[in-house]
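These protein sequence lines map, in sequence, to chains S and H.
Under this note's numbering, the first residue of the first sequence carries the number 1, and numbering increases by one thereafter.
Under this note's numbering, the first residue of the second sequence carries the number 1, and numbering increases by one thereafter.
Each hint should be verified, as a subset may be incorrect.
To be verified - List time: in silico DSSO-like cross-link candidates among lysine-lysine, alpha-carbon distance up to 27 Å: (1) S:Lys97 with H:Lys51; (2) S:Lys106 with H:Lys83; (3) S:Lys109 with S:Lys91; (4) S:Lys6 with H:Lys83; (5) S:Lys106 with H:Lys51; (6) S:Lys128 with S:Lys97.
Said to hold, decoys possible - Rough simulated footprint, nothing fancy, chain S against chain H, three-plus residues with beta-carbon under 8 Å: (7) 15-21; (8) 56-69.
As the list claims (entries may be wrong) - Computed far set for chain S versus chain H, every beta-carbon distance over 10 Å: (9) Thr30; (10) Trp46; (11) Ser62; (12) Ile101; (13) Ile140.
Since the hints were derived computationally from the structure, they do not count as laboratory data.
Where is the CB? At the ideal position from N, CA and C, for every residue including glycine.
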Amino acid sequence: MNSKDKRNKLVIICSKGSLDMAYPPLMLATTGAAMGMEVHLYFTFWGINMISKKTIDSLKISPVGNPALPMPNILGMLPGMTSMLTSMMQKKMDKIKMPTIPEMIKTAKESGVKFHACSPTLDMMGLKREDLIPEVDDIIGAATYLDLASEDAITLFV
Amino acid sequence: MASTGSGVKPTTVVDSRGTMCPGPITDLFRAYRNANVGDVIELLATDPGAKSDTDAWARRSGNEVVAVIDEKDYVRIQIRVVKKGKQ
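Same shape as in the complex, but just chain H (with noise of 0.2 Å):
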């Protein structure tokens, strides 16, 4: 499961507020090819789904949700970039 807490400090935000489900998820996968082992991937969410649909990626893709912090609209989600796959 998803931690919460203050978060650390990203190194990529990914502002995905007001798409829909499959929108969050794409927007991260995006930002994930680019990134490094050892990146932080912060993702701004509304869509209700994004919780739960970041907590799947990660488990199925071999990384990391390290802070889910609730903001009063929205969400941040933030991912650790454990393993690269081969995309």
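Bound-form chain S, shown alone (with noise of 0.2 Å):
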């Protein structure tokens, strides 16, 4: 690529589960492969459940907490509040036609995005690899993930 002075990998830790917070990391992987970026995401603690064939599905927004929603936060806390409110912002990102987490997860592999499941994360979930999307490329430990961080690169906590 042309840009000598710029940082020219993108490696962002996946922490949440929410469906809120699937997005941004993967708009930017996708974003950054396709300007010629080197990009990594690396999924931790809650953020395994965007790669697990379990919940890839089903990320739910949730109403406690977050005090950008039109409501209250006791009541967020009252059954059935976070579907409802997950199923509100699915209508209107369907609205939009913004795709779906597993279309966004595609995409992002199309475009050359490295997927990174966190070892220590799978052996606390008791998950194993075949219960992770085939999307992701390897296991790998905090060790590799600095590695990967440490040289040219853009680093994100999300």
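Each of the two chains sits in its own frame; use the hints to bring them together as a complex.
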């Protein structure tokens, strides 16, 4: 690429398992790859839900602890509020033709984004390689992440 | 910065109208991967971020925005493929 003085690698830690926190890293990753950057996504803690076969289609938005929502926080604790809010959000996203998380992952993968699963998280959650979506490249630990992030990289924690 | 004007005859037209970020850049990138040096890709977009994003993409990837044409409710952005990256 032409930009000698710019960083050419994008390494993002995906640590959240909610729908609203799944979009930003995937959008940046796909865009970064399109711009010729080497892109790595490192899924840890609840971020594993984004790449687990069991949970990838059922990521939700939590109304609790989210002051941006047009309702008092205490109401968010009522049963059914999470799924209600999630389906409201999904309708809005469908309306603007926002791709789903599995579609975003497919596009990111096609663009060359690398998917890494965090090994202690898998252990903690009792998950195995076969429980993860096939787009996952490998299972790595903190040392590999630090190595990826230590040179020429923009790093983000989501 | 992107130049403006009436544009040239594109080699490929990519219609990303109706998609939001990162849709236009993703669609542009797909076309770019199949393009040859010298081709002109015309991207049609309604995303208000598309002009700025395409400019950034071109700067970063070493390609060139040759024309930005505002239509009534969308924009036509023409990009000349100057360089093919490792993709």
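Exercise. List in ascending order the numbers of the hints, as given earlier, that are violated by the structure.
Key: 6 and 9
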